[in-house]
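Using the sequences plus the hints, can you model the full thing?
Each chain, letter by letter, is given below.
There are 2 protein chains.
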Amino acid sequence: MRLTIFSPSGVVPDGLALQRALARLHELGFDARRDRAALARRQRFAGSDEERLAAIHRVADDAPDVAMSTRGGYGLTRLLDAIAWKKLGRSVERGTRWVGLSDFTALQLGLLAHTGAGSWAGPCATEGFGRTEAAGGVDDVTAACFAEAMRGELEAVGFRTDKGFDGLEVRGTLWGSNLAMLCSLLGTPHLPAVRGGVLFLEDVNEHPYRIERMLLQLLQAGVLGAQKAVVLGQFDAWTPSPLDRGYGLKAMVAHLRSKTRVPILTGLPFGHIPTKVTLPVGRRVTLAVQGQQAFIGWA
Amino acid sequence: MRLTIFSPSGVVPDGLALQRALARLHELGFDARRDRAALARRQRFAGSDEERLAAIHRVADDAPDVAMSTRGGYGLTRLLDAIAWKKLGRSVERGTRWVGLSDFTALQLGLLAHTGAGSWAGPCATEGFGRTEAAGGVDDVTAACFAEAMRGELEAVGFRTDKGFDGLEVRGTLWGSNLAMLCSLLGTPHLPAVRGGVLFLEDVNEHPYRIERMLLQLLQAGVLGAQKAVVLGQFDAWTPSPLDRGYGLKAMVAHLRSKTRVPILTGLPFGHIPTKVTLPVGRRVTLAVQGQQAFIGWA
Chain U
1 MRLTIFSPSG
11 VVPDGLALQR
21 ALARLHELGF
31 DARRDRAALA
41 RRQRFAGSDE
51 ERLAAIHRVA
61 DDAPDVAMST
71 RGGYGLTRLL
81 DAIAWKKLGR
91 SVERGTRWVG
101 LSDFTALQLG
111 LLAHTGAGSW
121 AGPCATEGFG
131 RTEAAGGVDD
141 VTAACFAEAM
151 RGELEAVGFR
161 TDKGFDGLEV
171 RGTLWGSNLA
181 MLCSLLGTPH
191 LPAVRGGVLF
201 LEDVNEHPYR
211 IERMLLQLLQ
221 AGVLGAQKAV
231 VLGQFDAWTP
241 SPLDRGYGLK
251 AMVAHLRSKT
261 RVPILTGLPF
271 GHIPTKVTLP
281 VGRRVTLAVQ
291 GQQAFIGWA
Chain A
1 MRLTIFSPSG
11 VVPDGLALQR
21 ALARLHELGF
31 DARRDRAALA
41 RRQRFAGSDE
51 ERLAAIHRVA
61 DDAPDVAMST
71 RGGYGLTRLL
81 DAIAWKKLGR
91 SVERGTRWVG
101 LSDFTALQLG
111 LLAHTGAGSW
121 AGPCATEGFG
131 RTEAAGGVDD
141 VTAACFAEAM
151 RGELEAVGFR
161 TDKGFDGLEV
171 RGTLWGSNLA
181 MLCSLLGTPH
191 LPAVRGGVLF
201 LEDVNEHPYR
211 IERMLLQLLQ
221 AGVLGAQKAV
231 VLGQFDAWTP
241 SPLDRGYGLK
251 AMVAHLRSKT
261 RVPILTGLPF
271 GHIPTKVTLP
281 VGRRVTLAVQ
291 GQQAFIGWA
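Line by line, the protein sequences are chains U and A. Residue numbering for the first sequence follows my numbering, beginning at 1 and increasing consecutively. Residue numbering for the second sequence follows my numbering, beginning at 1 and increasing consecutively.
It should be emphasised that the hints constitute simulated quantities derived from the structure, not laboratory data. Watch out, some of these pointers could steer you wrong.
Put simply, identical chains are the same to the list, so a pair is met inside one copy or across any two.
Claimed, not checked - Only pairs whose alpha carbons sit at most 30 Å apart, straight line, appear in this in silico DSSO-like list of lysine-lysine:
hint	residue 1	residue 2
1	K250	K87
2	K250	K228
3	K86	K163
4	K87	K259
5	K259	K228
6	K259	K163
Rendered as structure tokens:
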């Protein structure tokens, strides 16, 4: 499978990480190469807006089997009004699986909104496959899940959720994943109008009160209430405040559950963490729970 | 003038700061008292949602001349769907000037959206009037501007802006002020549909790339382009990243200006800073620039 790594968002500070990612993706069986502008630099971005936009379009025209983002950061917001969405949609028809997370959510949801085409929430190149062995190397579960998903062999993922959802079974469009990026599309033409969906969310470096504020915005905007289920992934690397006085992620989830009848599950292994699944954004899935064991399947 | 200090948002960690604020507001000529739940505590909030909602409604029913928030933090988002907006609107008709900033933006914009009633962007009690002398005490300009505004004597504020706006003169509804809070209302019923307005914005602890992401969301949502001018206040207390490589507030403003013809002024002395003006949200104003001297007037 041909896999192209490209940079639509933040600057790649360490070219060696990209080299390691290419080598490891080769080991996983991919014919991996990098787009020629993958290491471009302009301020905090991986090249100027024009360079990054051209890279996206170049990859779409080339239509590799897998189009993987080098990393997140910030940058896609600047490009949303200029991306040739139909070009990207055609690449998906030709078989390209666009994959990434974090800032990449903007591209994935814009693609879904403008063309209905699906993509994959999964590891970025430098963070998922580029770490030194001393920094943790490649996570075996992440790599295996990603490779199976790209080969079309992955049909479901399982995780342990909270008590209280035994017997739940819903079907709908799976979408997500980064909460801040999804909220940054509210009110714009780049947010897909998914109703009856399964919305999965994660974020990093955000205090639970900020997570809650974003989730309440989705609730007040009618987005949460229109879903069949919400599945929370990992919300990591936030700094507690002395003012919290017992308020944290658990209190946040409890508050949210008190405000909506939509089931809000937790425990999805997805987010800014080493061990994560790869999931199809825009695909119709079944979410089912037995006891505390949850499954998201798209077979 | 009767002035009531109340707590719609975050917990007040220091009751002495509130005592100092009351004393200093007395010195400024206000008959200042605190709402009975101003020091309530529940996790990171100034009391439970029910307590804070009751406090807002109690103040509205009492209709003092000035209703001032103790502090920002987080909390109003939880109450937006439950606030009796007409009750607040009636208090404004009876002469109440609601004043605050930061989290308070949600109440101010909700009030404008649901009733058309105006309010005041200005100091909160503990941060504006409650600091110890060692921590800076009360800022003279802030206090004088606030007192004049509350007495109806303030008719304009002036500030020095960037070059390039000499001769600009526009009229429209003034609105703002906290960027994150304003963006948290996008897509919800609590955002006023102000067209042809003068939008002023500030924030704190947000990296310029996050400021930019929010401003681009407003642009992509059609909000920025519908304004006659945008006036940026202070964006402070952000932490530079080694990845910025020359990207900062100036680069952010330059990028934004390249994307819209709406004049984007800077330099408004408003935000999470000691010296700030008090401004009428929802009032029709004139924004005029001579050289680099800008005026916002509502006489």
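Right, here's what the structure says about each hint:
Proximity of K250 and K87 under a CA criterion of 30 Å is satisfied in neither setting, with 42 Å inside one chain copy and 34 Å between copies. Taking identical chains as interchangeable, the C-alpha atoms of K250 and K228 lie at most 30 Å apart only when both belong to the same chain, with a minimum of 21 Å there against 44 Å between chains. Taking the shortest Cα distances, K86 and K163 never come within 30 Å of each other, neither inside one copy (43 Å) nor across copies (41 Å). Taking CA atoms no more than 30 Å apart as the test, K87 paired with K259 passes between copies only; the shortest distance there is 23 Å, against 41 Å inside one copy.
Proximity of K259 and K228 under a CA criterion of 30 Å is satisfied intra-copy only: 15 Å inside one chain copy versus 38 Å between copies. Taking the shortest alpha-carbon separations for K259 and K163, only the intra-copy value of 18 Å comes in at or below 30 Å, while the best inter-copy value is 49 Å.
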